[in-house]
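Enquirer: For the protein sequence lines, the chains are A and B, in the order given.
Under my numbering, the first residue of the first sequence is numbered 1, with each subsequent residue one higher.
Under my numbering, the first residue of the second sequence is numbered 1, with each subsequent residue one higher.
Heads up, a few of these hints could be off.
[Stated by the list, open to error] Anything over 12 Å on all C-beta distances counts as not near chain B; from chain A, calculated:
1) 35
2) 49
3) 103
4) 105
5) 110
6) 111
7) 116
8) 124
9) 149
10) 153
[Claimed, not checked] Computed spacing ranges between beta-carbons, pair by pair:
11) B:234 / A:148: 31 to 41 Å
12) B:155 / A:139: 36 to 46 Å
13) A:148 / B:142: 17 to 27 Å
14) B:113 / A:51: 42 to 52 Å
15) B:40 / A:48: 24 to 34 Å
[Said to hold, decoys possible] Below, in silico cross-link-like pairs of lysine-lysine (DSS-like), each with a Cα-Cα straight-line distance of 25 Å or less:
16) B:104 / B:84
17) B:174 / A:138
18) B:130 / B:104
19) B:168 / B:270
20) A:138 / B:130
21) A:124 / A:58
22) A:44 / A:59
23) B:30 / B:146
24) B:110 / B:219
25) A:139 / A:44
26) A:139 / B:174
27) B:174 / B:155
28) B:146 / A:138
29) B:155 / B:31
30) A:138 / B:169
31) B:130 / B:174
32) A:29 / A:44
33) B:2 / B:104
34) B:174 / A:115
35) B:110 / B:146
36) B:84 / B:30
37) B:130 / B:146
38) B:2 / A:139
39) B:169 / A:139
40) B:169 / B:110
Just so you know, these hints were derived from the structure itself, not from any lab.
No residue lacks a Cβ here, since even glycine has one placed at the ideal position from N, Cα and C.
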Amino acid sequence: MTKNNLIFFFLIIFISTSAFCQLDNLKWKRADLSYEKTNKFRQKDYSFEFEDAGDFVKKSIAYTYWFFISDVDGDNCPFRPSCSSFLMQSVEETNIVQGMLMFFDRFTRDMNLYKGHNQYPRLKSGYYYDPPALYTLKKQNLNFYYLPATEVVDE
Amino acid sequence: MKLTLIIVLFFPITNLAQNGHFNFHSTENKKMFADYLFCEGDYLRAVEEYESIRDLIRNDTIDFKIMYCYSEIGLFNESNNSLKRISSNSPFRWAGLHLRLKNKLIENPKGLRVFHDMPSPPDMSERRQKLILTSNLFDEEIIYEKEDFLYVFEKGEGQTISYFYDLKKNPPYKSPALAGFFSAVIPGSGKMYVGEWGDGITALLVTGLLAFLAYDNFKANHNTRAWIFTGLGSFFYAGNIYGSIASAQIFNARIDFEFRDGLNLFLQQKNYFMPEYDFCN
């Protein structure tokens with residue numbers, strides 16, 4: 001290797017290291033990334049702030065179910081929101097009586113012996129999308145929330 | 001050898017180089033580029049190019065294309081405003097007015113009856129009649145008789161419109177009250193009536209099983225267990241009646257959705273009865 005080539009290689013290495021070096025004002029930092037998969041339907045909020053007695057009863061039942069059954073048994077509900085979340089949302093959207101009726105209907109549909117869930121649209125993750133708003137018997141809700149089974153819903 | 005190579009490289013670089021005399025951004029070149037984008041279906045970029053030369057070339061074809069592009073990309077207000085620039089003597093004026101009706105219908109799917117008496121030349125009048133009559137199928141109630149509806153359509157179109165008309169007049173709805181009543185008499189039968197057989201049979205078995213367990217425990221004097229099963233069974237029974245009513249409502253929503261979806265598809269296939277212009281050949 002000649003002397004010129006050595007100078008040439010030296011220059012290349014010198015220029016690249018000096019031009020692209022880490023500066024004081026631009027120090028590389030640890031990336032603060034979260035690799036946790038976010039899913040709005042799976043977040044369980046265990047906070048025990050309640051507005052009234054009904055809210056207290058509802059949260060007590062749901063938390064007990066989540067803590068002793070759902071969290072131990074695993075993610076078995078094919079629907080989103082899951083049956084326990086469906087109960088919570090139904091009661092919030094309507095009242096305790098209507099919410100309970102909506103829940104027992106949902107629970108029967110969940111138990112479907114023939115696994116005939118073809119009438120529901122799916123989420124990208126494969127769960128069936130079945131929001132409580134469809135079951136409040138309000139026509140405006142139906143017009144807004146109804147989706148055909150062929151639709152794939154964003155999470 | 002080296003000299004030849006230098007000349008071969010140098011000559012084309014200097015002689016065939018891009019120089020400042022050629023104006024890529026001339027009005028004519030922009031128009032050609034916009035026409036190309038329009039024919040490729042890239043309406044978003046086409047309208048940007050057309051807008052940049054709109055004031056430099058007074059051309060009703062460009063004005064109509066701008067209106068059409070805005071409509072295709074869903075900017076209906078801009079599209080409707082572009083109609084003002086198309087002069088009343090232009091052959092595109094009537095097509096522009098028709099395009100405005102199309103925009104209104106896409107934006108707000110309901111009957112366009114108020115535009116029924118708008119004057120127009122005979123060929124456009126027929127297209128407009130077709131669009132207005134079809135738009136009435138989006139309304140809650142149809143005020144026209146079937147004969148008044150079909151006279152303007154050709155045979156193939158007529159059959160489709162006749163099908164939609166019949167579906168609108170007699171939609172295959174399921175009665176929510178009847179579904180609830182059926183489930184009250186035989187648990188699950190309301191769901192079966194709506195077509196959800198799996199849910200119906202499940203509801204029948206679950207309610208039946210809980211009722212049997214309650215009866216059996218009462219009979220054996222296990223009153224606490226019996227009342228638990230009675231309570232559970234009652235909730236499943238009532239929930240099933242409620243669910244049958246909700247399922248019938250959802251079934252009807254599905255009928256309405258499929259009707260609107262089918263009608264939109266028909267109108268899209270017919271391009272909302274717009275006159276056809278071949279701008280690309």
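Enquirer: Tell me the numbers of any earlier hints that the structure contravenes, in ascending order.
Expert: 3, 4, 5, 6, 7, 9, 15, 20, 21, 23, 24, 25, 27, 28, 29, 31, 32, 33 and 38
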